Amino acid sequence: AQSVSQHNHHVILSEAASLELGCNYSYGGTVNLFWYVQYPGQHLQLLLKYFSGDPLVKGIKGFEAEFIKSKFSFNLRKPSVQWSDTAEYFCAVKIGSGNTGKLIFGQGTTLQVKP
Amino acid sequence: SQTIHQWPATLVQPVGSPLSLECTVEGTSNPNLYWYRQAAGRGLQLLFYSVGIGQISSEVPQNLSASRPQDRQFILSSKKLLLSDSGFYLCAWSRGGSTDTEAFFGQGTRLTVV
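Going line by line, the protein sequences match chains A and B. Sequential numbering of the first sequence, starting at 1, is according to this note's numbering. Sequential numbering of the second sequence, starting at 1, is according to this note's numbering.
Treat the hints as calculated values from the structure; they're not laboratory data. Accuracy of the hints is not assured; some may be wrong.
[Claimed, not checked] One-sided excerpt, in silico: chain A residues whose CB lies under 8 Å from chain B:
| no. | residue |
| --- | --- |
| 1 | H9 |
| 2 | L13 |
| 3 | F34 |
| 4 | H43 |
| 5 | L44 |
| 6 | K49 |
| 7 | A87 |
| 8 | F90 |
| 9 | K102 |
| 10 | L103 |
| 11 | I104 |
| 12 | F105 |
| 13 | G106 |
| 14 | Q107 |
| 15 | G108 |
[Claimed, not checked] Covered stretches of chain B, as calculated for chain A (at least 3 residues, CB under 8 Å):
| no. | stretch |
| --- | --- |
| 16 | 24-37 |
| 17 | 44-54 |
In this text the structure is predicted, and so the values were computed from the model without any measurement. Beta carbons: idealized from backbone N, C-alpha and C, even for Gly.
This is chain A alone, in the form it adopts within the complex (with noise of 0.2 Å):
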């Protein structure tokens, strides 16, 4: 079956940090790649996204993702973390080309952000 898996569940750093959360899929074909956060309280917001071209994509608040097809990867990067990034960080994948509709995601990872 399809899965995602992150492999980081609870991360802290100090600010200024650096910062890279790996994320791993399980499936052959065609996929589209995101991350998503949630800061405590809100919603689910995308940071980025990827579908084709540039393997390396830029997202909000200075984060980016490298997207490699051979190990099934799609890491987060941020060069120096904020206090304010301190929220849960969500990996999905789309499966399959074309409106197949499969979207799922990985268990998420915490990340806390020491002043």
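Once you've looked at the hints, dock chain B against the given chain A.
For chain B alone, kept in the frame of chain A given last:
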């Protein structure tokens, strides 16, 4: 602009009672619709998704069912709730007809089965 409404926000139900959670989307047509359950440490578990009226795909065999009686309405139901059905349920939509879209989420329903 598009909006998604999900209700109720919180619900406390006794074991064995029925359940009906409703989700509606405004401002778009033929959306893809989703029901997820969010649990700490388990992320968002896809329960059901639908690409059109009457078309429901079930991901997890369980005590729940979903229906899509109208284009922009998605209902999550149970005939008899179990304690294990407690959780946070999220409805979401994405633009139909293409994979080049993101999902937008409702506010969620906190269900407690007692």
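We went through each hint and held it up to the structure:
Interface hint at A/H9: satisfied, since its Cβ lies 7 Å from the closest Cβ of chain B, which is below the 8 Å cut-off. Because the closest C-beta pair between A/L13 and chain B is about 20 Å apart, greater than 8 Å, the hint is violated. The beta carbon of A/F34 is positioned within 8 Å of a beta carbon in chain B (closest approach about 6 Å), and the interface hint is therefore held. For the restraint placing A/H43 at the interface with chain B, the shortest Cβ-Cβ distance is roughly 5 Å, inside the 8 Å limit, so the hint holds.
The beta carbon of A/L44 is positioned within 8 Å of a beta carbon in chain B (closest approach about 5 Å), and the interface hint is therefore held. The interface hint given for A/K49 holds, since its Cβ lies 6 Å from the closest Cβ of chain B, which is under the 8 Å cut-off. A cut of 8 Å between beta carbons decides the hint on A/A87: the least distance to chain B is about 14 Å, and the hint is violated. Residue-level restraint check for A/F90 holds (minimum Cβ-Cβ distance to chain B is 6 Å; threshold 8 Å).
The closest approach between the C-beta of A/K102 and any C-beta of chain B is roughly 6 Å, which is under the 8 Å cut-off, so the hint is satisfied. Given the 8 Å rule on beta carbons, the hint for A/L103 holds: about 6 Å separates it from the nearest Cβ of chain B. Because the beta carbon of A/I104 sits about 5 Å from the nearest beta carbon in chain B, less than 8 Å, this interface hint is met. Restraint check, A/F105 versus chain B: the minimum CB separation of about 4 Å is within 8 Å; hint holds.
Satisfaction of the interface hint for A/G106 is found here, the shortest Cβ-Cβ separation to chain B being roughly 5 Å, below the 8 Å cut-off. Satisfaction of the interface hint for A/Q107 is found here, the shortest Cβ-Cβ separation to chain B being roughly 4 Å, below the 8 Å cut-off. Residue-level restraint check for A/G108 holds (minimum Cβ-Cβ distance to chain B is 4 Å; threshold 8 Å). For the stretch 24-37 of chain B, the proposed coverage by chain A is satisfied: 3 residues have a C-beta within less than 8 Å of a C-beta in that chain, meeting the threshold of three.
Using a Cβ-Cβ cut-off of 8 Å, 6 residues of the stretch 44-54 of chain B lie near chain A, which meets the minimum of three, so the contact claim holds.
Violation of the numbered hints given earlier is confined to hints 2, 7; the remaining hints are satisfied by the structure.
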